[in-house]
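Model the full assembly from the supplied sequences, consistent with the hints where possible.
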Amino acid sequence: MEQIIANGLYLGAQYALIALGLTLIFSLMNVLNFAHGQMFVFGGFVTYTVVAKAGLPFVVGLLASAVILAAMGAVAEVFLFRPVIKRSKRDESTMLLAAGVAFFLDAVILLVFGEKQRGVPKILNGVFNWDMRIIMPYDRILIGFLAVALIVAFIAFMQYSRTGRAMRALAQDRMAAQLMGVDVDRYSMIGFALGAMLAGLVGGLLVAVTGINLGMGGPTSVKAFMMIMIGGAGVISGAIAGGFILGMMESVGLTLLSAYGDITYLVIFASLMVFLAFRPQGLMGKPWG
Amino acid sequence: MTAILQVKGITKRYGGLTAVNAVSFDVQKGEILSVIGPNGAGKSTLFKLISSFVPTSGGEVLFNGTRISDLAPHKVARMGVVRTFQETTIFKSMTVRENIIVAHHLRSKSSLFGFFIGSSQARADEAEFGASADEIVDFLGLQAIRHELASNLPQGHLRALGMAIGLATKPTILLLDEPFAGMNHDETMTMVANVRRLRDERGLTVLLVEHDMPAVMKISDRIVVINFGEKIAEGTPAQIQANPKVIEAYLGSEDAAIGL
Amino acid sequence: MKTSKKLGLALFLLAVFVLVPVMIAATGRKDLYYTLTSVALLSIGSAGVWLTFYIGRINIGQGAYALMGGYVSAILMTQAGFSFWATLPLGGLFCALISVGIGVPILRLRGVYFAMVTLVLTEVARLTALALPVTNGAKGITSIPLPGALSIGGVTLIPDFATMANPKLAFYLLAVTMMVASYAVLWRIVNSRLGHLCRSLQQNEELAASIGVNTAYLRVLVYAISSFFGGISGVVFVAISQSIYPSSFVVTDSVNFMLYCFVGGLSYVAGPMVGTLLLYFGWDLLTVAKDYQMLIYSSAMIALMLVLPNGVLSLLDRIGGKK
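Chains as they are written, first to last, in my numbering: chain L, 1 to 289; chain Z, 290 to 549; chain V, 550 to 872.
Pairs of lysine-lysine residues, derived as DSS-like cross-links and limited to a Cα-Cα distance of at most 27 angstroms, are as follows:
#1 Z:K534 - Z:K297
#2 V:K839 - L:K116
#3 L:K116 - V:K688
#4 L:K86 - Z:K381
Calculated from the structure, these hints are not laboratory results.
As structure tokens, this is what we get:
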């Protein structure tokens, strides 16, 4: 029991971080970032390159992932999403663009990093063992705590910094924010960069534990979509709740349902459908987003 | 005269807030009845309750003795209770005529499959809808913009189109949501005349929710006044104008000078 | 205008049924059969996705139905001895039926919410295929027989594919016949009252309800037709490859179906067909670029989005002067 909860929290912290980035981009620009999973994978490979190839410390790898992905997000917003949003008649057009970016990133990852599974040497050795009730390697614990710390930092940033407050105003009411003098273009760019950075950071964290490969991008996006559906799209608390709920469900499912084969996700999806039938806007979302 | 629509103690609560509180009144067959009230009095919610676009928290609305509250909106429309919209709600990428034709849906005798294979019934339906749409266009004086794309229309025409869409369903009672909002004096007068003709020439019963006092006084047979979600008066325009409670309600609100 | 359209249609049919096979026979490029058959089948799936777009829903779950249809056919043929020709409609109907069950709750969702659920659906279909005993897990179902003879009342309409000298041509003809039929249905839907109601739904659901349209029913009906298209395309795909695995249709395929519609143009009935042809063929041609295939492909797609945000067919409007 304790083991399931510990696993769930560990997974949930990472998931919440991924969902936060996705929901931030969605709330600011109404763009469903299909490329989020690919950004996550890209971040993982950057950390891998810095740590395993260049032999630099893990922290440097994480920083590199954050910086490179933030730059990538900013570029995507300024040169791709912004012009398309301004010109196209239908909201859906940005979906095509996002899917195109996802394919593009897949291609770049394949060319630059190859398709092999990659990982970095263990950053911490040893296994935590509490009376056989919770067994968890120290590196996982460290990564879990780092993820939680990042979530806390992100919330604090959104809550107390000038930039964070401007972005929240923008997410709540674009028109009103504009009237209040918020520079929409600037904060859309920052928001996109920040969202991409979060995805990259999680990739960097994960490469230290389970490693990362090219094929993880798509499924990660799918999971992130599920999380923000559970919590409610565009809501910070919803993303965090969704991340932890999915992490916990996965942990419980993998333990209890393993006897029946790999049906955890089937059960999760079925419950999600029932849930959405009663609460289409998710736990904390606004009706009809 | 018989009551065609009965509103019985209808109530709507949002969380702890009561938007509409136990409002009751009858609409007689063939009359034009207006619901008025100051801003935020609950007119809009009351309108949505009557047209069954939001579920009730209490009470009910009867149409010809049958309960229509909490039915799906399309079922209410099917019974002959049809609403128009306050905002410029139309099918934007269709022409005026196409808008009206598509709104004839309730009158189709052919099934959707019949339409798909182009059965003779379906073709007869389409011909009938076309003729009927042209007739409605003529009735409301929309000939000049018949083939105009709806998204290109000015405000006044949009409102008329909204009414045309409502008429196409051949309603027994038409519920108009602020039909004069955003109109200038001339447009308002045309609209007033049109609403009167709906009743006089087509025998429709009309219930409207409105803000524009002079127009309401001119058009209505009877008026129901609500304030803070409750009914405070009911009567003919003359009775309402002389009612101290109504005057107080309007003077107490911010938009005092609206023609009383 | 009317005659020019008829002429265009006649030319199209001539090209598809006569010219292509003749050209392939002349040049000996038999590999093109597989490519073109795939294009035809994929455009059937995209036709379904396009139809859901037509009621204002972004459908990224068509891969799930293609997979479902494929498995239904494979299971019926290998385990219950059904003929391929019986499983073709059955696979489609099964998908339509399932889509009603799934559609009732999820079609209430709009915009990105619906899009996300359908995307997840594709992944769930794959996981279901992995988990169920009847689908044989990751090993999939293999050695599925080729379509047998189809005869009605003793008259053989279509001979057994296994005895044919050129089954590739037969599959090609089957696929394009189905494609032409599907697009005829699509065209008819769009140009009949059903299509007008779909447009009313796409433009304003509340107003549609107020004029008495049973919006919930219409949405489910359209989604079921859409899923039927997805199902039958899956059935034929499986018949060609004679095998099916849980990964035969994945999230990428679902996204592709949606992209085909976008690239062709969401306001043109032929849009999904043109989009499928362009993207699939483009992808195929780009195999010469080897490692850079994906990079060029995705860059081209992004460029297309920037230049023609309303689809390739919007070029026709520009030429025609309709702004």
